Every structure is written in C-alpha cells, then in structure tokens.
Amino acid sequence: MVGPVVFVVVLLALWKLAVTAFAVPPYIMPPPEAAWTAFLKEADKIGYALFFTLRNAAAGLLVAFVLAIVLAAIFVSSRKVTHAVLPIVIGLRTAPVLAIAPILIMIFGRGIGTAIAVVVIVSFFPIMVNAMKGFSSTRKNALELMHVLGAGWFKTFIKVRLPFALPFIFAGLRSAATSAILSAMLAEWLSGAPGLGTLILDASSYRKTGLLWAAVIVSMIMAYTIYWLTTAVEKRLTAWRN
Amino acid sequence: MTDITIDHVTKNFAIDGRSVTAIDDISLKFPSGSFSALIGPSGCGKSTLLRLVADILAPSAGKITIGGTPPDEARRRHEIGFVFQDASLLPWRSVMDNIALPLEIAGGPIGDGPRPETLIRLVGLSGFENAKPAQLSGGMQQRVSIARALVLRPKILLLDEPFGALDEITRQRMNMELLRIWQETGTTAILVTHTIGEAVFMADQVHVLAAHPGRLVTTIDVDLPRPRALAMLQTPAFNHLENAVRAALFGDELKAEPEPAHG
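Sequence lines, in order, name chains A and B.
Those letters in the first sequence? Residues 9 to 250, per my numbering, in order.
Those letters in the second sequence? Residues 15 to 277, per my numbering, in order.
Rather than coming from a laboratory, the hints here were simulated on the basis of the structure.
Predicted model, so just to flag it, every value in this text is computed and none were measured.
For every residue, glycine included, the Cβ atom is placed at its ideal position computed from N, Cα and C.
One or more hints might be untrue.
Selected chain B positions facing chain A (Cβ under 8 angstroms, derived; list incomplete) [claimed, not checked]:
| id | residue |
| --- | --- |
| 1 | Ile94 |
| 2 | Pro105 |
| 3 | Phe142 |
Just chain B, with the same shape it has in the complex (with noise of 0.2 angstroms):
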C-alpha cells in the first residue's frame, strides 16, 4: 500500500535574504492506487509540493510520509517516478537508452518492473527505439520521458504539468493513453495542471490551491465512472465539477458583475 500523506506541510524560500512562504501549512492524503490532480494559479506552490513529494526539495517544516516511510528513503529505493514540464531527455541518448537509463541507476529492473522493448510499445513508440530526443516531436518526447519515469515500476507517478506544452488534441490523446497506463500499473498519481477540465477529467480527487501564500483552498471529489471516456466531457456531471473546481479557483470574482463599459 503507497499512500502518500503531507502533514502540517509548510515551505519558505530565501529570496533576496528575505524568507518567502510557497506553501503554507497544507495537509492531504493521497490514498494508494489514486489519481489525484493538484491544481491552482502561480506561484500557489502546486509544482514545489510535487517536489516535496519527491524528496527534491525538503519542507521547512511538516512530515510527508509515502507508505509510512519518509521521502528520502522511498526515493532512495526508486519508488519514484517523476515526470517534468519538459521531457527533460538526455540528448545524446537514444529513446531505448533515455528509458533504460533508471535501470542503469538502480542496477537493474526492480522486481519483475517492465523491460524497456515493453514500455516503448505501451507509450506507442515502436520503430523510435533508436531515434534520438531531437528527431522526435514534443508530445513523442514526453512520451519517452513517461515511459522512463515507469520503467522501475514506480509505487507512486508524480506529474508536473506533463502536456502543458502540446496542444489541445496531443494533449487530450496523451491523457487517454496515460490513464490507460496509470490503471495497468497501479501507482499513486499525482499531478499537477492548471487546466480546469484536465484536473476533472483525470482525477479521482481536485485539490484546488491558492496563492500567495500557497495553501489549501478545498478538494474536490470525482465522481465520474473509470475507465473515462472522451465523450464524458461533454456530460453536464463533468461540467458540473468543472464549475465547481473554477468557483474555488476563482471564489468571489465569478459573483461580481462586470464592470460597465466606460463611454
């Protein structure tokens, strides 16, 4: 069981000398085997929490827990998979070569964890194996960048805005394809947007945060049958959460009128 727990989380950063709070006293459970999406505007600390979870920054003060046992050691046994903004692939390697590279680390795969030839056809890459970072397009890049964070068969997916470089439609396909994959293997997943629909479409849980300091507004539950299907977004349930997930984004501004043209 891999749930990830963040108790009583808080972060300040040294800027100029001065202390700056990204995350103020957040706390959430991300239970085992769920897909959760933080979402939020800047500066709400979305992407340093994931990165708290991912033991790359340490909270200043507070306790992550993943499967009991804190992030340095989960990290530690490559229980980790983290996928960043950009695919953040090694240029001089291949395709085959950038997704084996975690193996290389860990000194081989982790249990019976999925041979690379494997993840290549699951991320739809077959023919690429030897294709360099270059010679791909973004959305196959971060393909690449998924099927390495998979390789050691990660207990817990941590996503950092993955798609939001590609456009509407890579990006709605490379969602599909990425639930797909998150129900095959089972992991915790976190990740983090800042598209409305993504969030609801994706999650089984929308924690909404805001900013300045960043910090918990609410959480907001979805309900909506798995496996998704593209055809749910136009359902009045979906916009429903929809609006829900935007009257906790926005709070007050959806009330007020707008203001009279002048002239």
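So that you can see chain A by itself, here it is in the shape it has in the complex (with noise of 0.2 angstroms):
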C-alpha cells in the first residue's frame, strides 16, 4: 500500500508545483486544494452522479462478459459461425459510437439502455478476443481425456475450457473493465444522462474547474479500483498457476 500513497503525493506535489510555477490560471487547471474544495463542497452532488455511471459501467460490462463468453465459446465451435458472424462483429466493434449514436438512443432511450450499449460496444471486444485465444488454447490430451470420460460438449466446456482460458478471459476483463467508466461516460455526453460525465460536461461549460477536477479524479480512482478488484478476483481464481 505504500507504492501507490507515494506515488499520488508525488503526483499531487508536481500538479501544485507546476500549476505555480508555471502561473497557470485557474480556468485552465486549478491547484489541487480547489478541487480538493469542490470536492468537499459538492460531495453529494459528484456521490449522485458517481452512483450513475458506476451502475452503467458495472451493467454494460456485465452484458458485455456474458456476450463476449458466448460469442467466444461459439466461435471457437464451430469455424462456419465464425465465417458468418465474426465480420459483422468487427464492424460492429469499428463503427464509431458518435456516428451510431443517435441510433442507440432511438432504440435504447437516453437511460441506462443507451449506456449498456456503448460499454458493451467498446468493451467486448478485448474480452471475446482473449476469451477465443483461451479457449482454443486447451491442452489436447485435457479434451482427449473428457471425450474419452465420454463428456459432453457443456461439460467439457465447464469443467475444461473455461478453467483454461480464464487467465487469457481475466487479460481481457482488465482492459475492458478500466475503459468501461470511461465509455459509461461517453454515452452520457452522447445522450445527456445524469452521471460523472455529463457532471464534468457541465462543470466545463460552467468554468467550474475545482468540481471538474474533482469529478476527473473521481473517476480515475474509480478505474483503478475496478483494474484492482479485477486482479483480486482473477489471483484468487486462477491461483493454480503459480
């Protein structure tokens, strides 16, 4: 724990030290106690907004995991699937989300569905790619010795190939897991809804640096704590490999 606590008062020592030094005005990035103060001031209001955009984060990466595992697990069985399917999914994955967006919002509303859709849009596809390299990663004689065992596919699947891949399903959760805030955000200044993003839109428009500040951090600490827990889980799960 000492790592981290050094490295964000270094962090916040040269942000004052450079904001001074340099003399920059407070409209384009004000010392940390201002945003400390905002922070303070506008707890609630940036609690309110946080609880938002962690829920869409935390909904859209739960579709996001179930959709990713079954597309993996789908395409890893059977090659003409992938044929037919993979290349609308890149596409889909290419698509930028500012172009599709006012579709999302006219099929998804401008609630949690819009914001489901674009955390899912971005951060599926690292999930799927691993989940497939995982998967088609088993070792021969581990499938060898279900079939002979006289397993099914769903049991083979279960007890085999998910256990094997979630090293290379964990790599990709990762990456997700940390771009999925910021995509929660993006579909809120997409659509309007309440949340970090549409806070830290506000507070710019606004000039109220300190709370912009405050809420940038905000969500940065919170994609941090969502990388760690994320390594938590994945020690304790595939602790077998150490």
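Mind assembling these two chains? They're in different frames, but the hints should get you there.
Put into structure tokens, the structure is as follows:
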C-alpha cells in the first residue's frame, strides 16, 4: 500500500508545483486544493453522478462479459459461424460510437439502455478476443480425456475449457473494465443522461474547474479500483497457475 | 467378458493434403482380463491404435469392438480408462477432485465402483488428498491419473507410455504397483511402451509393430508366472523373451556385422 500512496503524494506535489511555477490560470487547471475544496463542497452531487456512471459501467460490463464469452464459445466450436458472424462483430466494433449514437438512443432511449449499449460496444471485444484465444488453447490431452470419459460439449466447456481460459479472459476483462467507466461517460456525453460524464461536461461549460477536476480524479480512482478488483478476483481464481 | 478385437484396421491421416497411412491393416485380439503390450519404434502407430480403441480417433477402414460393441458405445457407458503419457491432471483441482472428475461426468459411481478415498490409498497417495498437481512429483502425478482412470471401474484400461517420463527406478516401482492394481481389478489392459524390458515384464502378450506404415510384425507370448516379481528380471527366461522382442523389432539389423572402423 506504501507504493501507491507515495505515488499519489508525488503526483499532487508535481501538480501543485506546475500550476504555481508556470502560473497556470485556474480556469485552465486549478491547484489541487481547489479540486479538493470543490470535492468537499459538492460531494453529494459527485456521489450522485458516480452512482449512475458506476451502475451503467457495471451493467454494461456484465452484459459485455456474458456476450463475449458466449460468442467466443460459439466461434471456437464452429468455423462456419465464425466466418459468417465475426465480420459483423468486427464491423460493429469499428463503427464510431459517435456516428451510431442517434440510432442507439432511438432504440435504447436516453437512460441506462444506451449507456449499456455503448459500454458493451467498446468493451466486449477485448474480452471476446482473449476468450477465443483461451478457449482454443486448452490442452489437447485434457480434451481427449473428457472425450474418453464420455463428457458432452457442455461439461467439457464448464469443467475444462473455461477454467483453462480464465487467465486469458481476465487479461481481456482487465482491459475492458478500465475502459468501461470511460465508455459509460461517453454514453452520457452522447445522451445527456446524468452521471460523472455529464457532471464533467456541465462543470466545464460553467468554468467550474475545481468541480471538473474533482470529478475527473474520482473517475480515475474508480477505474483504478475496478482494475484492482479484477486483478484480485483473477488471483483468487487462477491461483493454480503459481 | 470384455475382450477387444481389432479387425483389419487401417488409419490414414491427411497431412498437407497428402494421405499418410499411420496404421496398415492390423488385426489383433486382446482376451478379456489380459495384459498386453504394444511396442515399436516411433511412427509405428501404437499410440494411434490406442486412440482408435478409445474412440478418440475413428478407423479409416476395419472394425474395432470392445466386448462385442463399438468403441463409442463402450466410451459412452464409461467403460474405458485411459492413462496419458503426461498425467493430464486439471491443475486447479486437488488430487481428490481430479480423481473424482470421472464421477462428476458419469453422474456417480458405476455399480460398486471404488471410492476416490480407496483409490488414493491404493496408489499410495494417502495424505496428499488436498495437494494440487503442481505440488506433486511426476511419479505422484501419474499415480493420480491412474487412480482417476480406475474410479469408474473401467472394463478396459489403456495406458499410453504412462511412465515414459520417469526415471528407471521409479518406473519399475510404478510398474509393480500397476500390475498389483490390474490384478485386483481384473480389467483388460493395453500398455503402449517403447521399452522392451517393460513390455515383457508387464504383459501376457507383446505385440511388436513396425513403422511407416504402422503394421504388426509378430506377437510374442510371455509365459512368465504371475504375480511378476523383480527377481524375474534377472532370469534366463526373461532375457530370452527380451531377445525375442528385440529380434522382432530390429529384424536383420541384429545379424549384420558392425562396420569396420575407418582409419
């Protein structure tokens, strides 16, 4: 725990030093204490916004995870389906969210629906690609063993393929989880729904830079926490690798 | 009665678009409750033959029956125990849970099948029930995989060079234990090996195969009494049988004079 604390202290010191040394006007970048004051003053507003963003990110991530695992499982089992569906999936992934935002909002509305859709579009791909790699890296002997034992597709998947793929899946999940907060905020920018993203946008237009940076730092801490949680769960589930 | 019959079986593989014959018209019979060895150089298809019996692969031509039924039926009835060259344990499962894996798949013990606890004792791993595979030596891991192969009381036991990676002394001990377990369970066992001494020591019949394409050279009956004992390794009868297998493996090469040294 000492490392991160030292890092944060150094970062704050650099921030303060830079703002003072270069005489940065507060409407461009406020000093850290201004962000802190704004955080204390508007804590309930930030907390309220954080709740929406976190809920949307978590829900989106959950949907993305399930979708990615199911698609990956289908893709590694059938070459034909892969050829038919994978290009569509990649196309969807490549389409700029900004361009398809009106369609998403029309279909899913301005609330949680669009937020989930955006998070899913941005974050399911790394999970799926890694899961596919994981599912196809199962040791051949383990698959032969399950076959000889008379296990069907589903039992082989649950008992062998999925556990063997976990390290890969978590690699994808880590990368997806950190971008989920950002994607949830992106959805708010597109739809105007409440959350940290909208709060940042509002603070920016009212030149409330203290509040703006308080919200930015809260979102960064959240992304870090999610990353840390994912890593902790991964360590627990893949302890057998060490 | 679970005898195994291999009837004019051929197996071709497609490699880079070409058809390669791994096994060429092999016919063999493995009597119920017998212990047989398949020996031959690499490329003779001995592992392939074992995988055909286990229904991991399907023959290109010919027919295999296990107790009169096709291999896939025997497999679905959980009658086949298979021990791989490497232990193939699931690394996240404990010794106990690895041995119990077949029970989870079959949905419970078959008939009066042995309990995992009993098998752990049988293979000499008491006290290691909760150990993870990574904490065990190679020999211990292979014991776990043998216990796992026995937990559904298989009618046939297929062993693919199970002790190939072990040192000579450990291997000899494991072979003794394997014979003891085999005699207790009464299954029909087929052992794939590339060690002449091991084949003779373990088996009632040694089937010698040749490579490219894989084919049967001859079958040598081993008339050593059971139970086999380490002392037999030093008897003339044992040496005689070893020589017979060696002669079948090397053929005319044995008779050739060594080339004179240049110089």
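Here is what the structure says about each hint:
1. Among the interface hints, the one on Ile94/B holds; its C-beta lies about 6 angstroms from the nearest C-beta in chain A, closer than the 8 angstroms criterion.
2. At a threshold of 8 angstroms, the smallest CB-CB gap from Pro105/B to chain A is about 5 angstroms, leaving the interface hint in force.
3. Annotation: Phe142/B was flagged as interfacial toward chain A, and the flag is violated, the nearest CB pair being 16 angstroms apart, outside 8 angstroms.
Hint 3 from the earlier list is the only one contradicted by this structure; the remaining hints agree with it.
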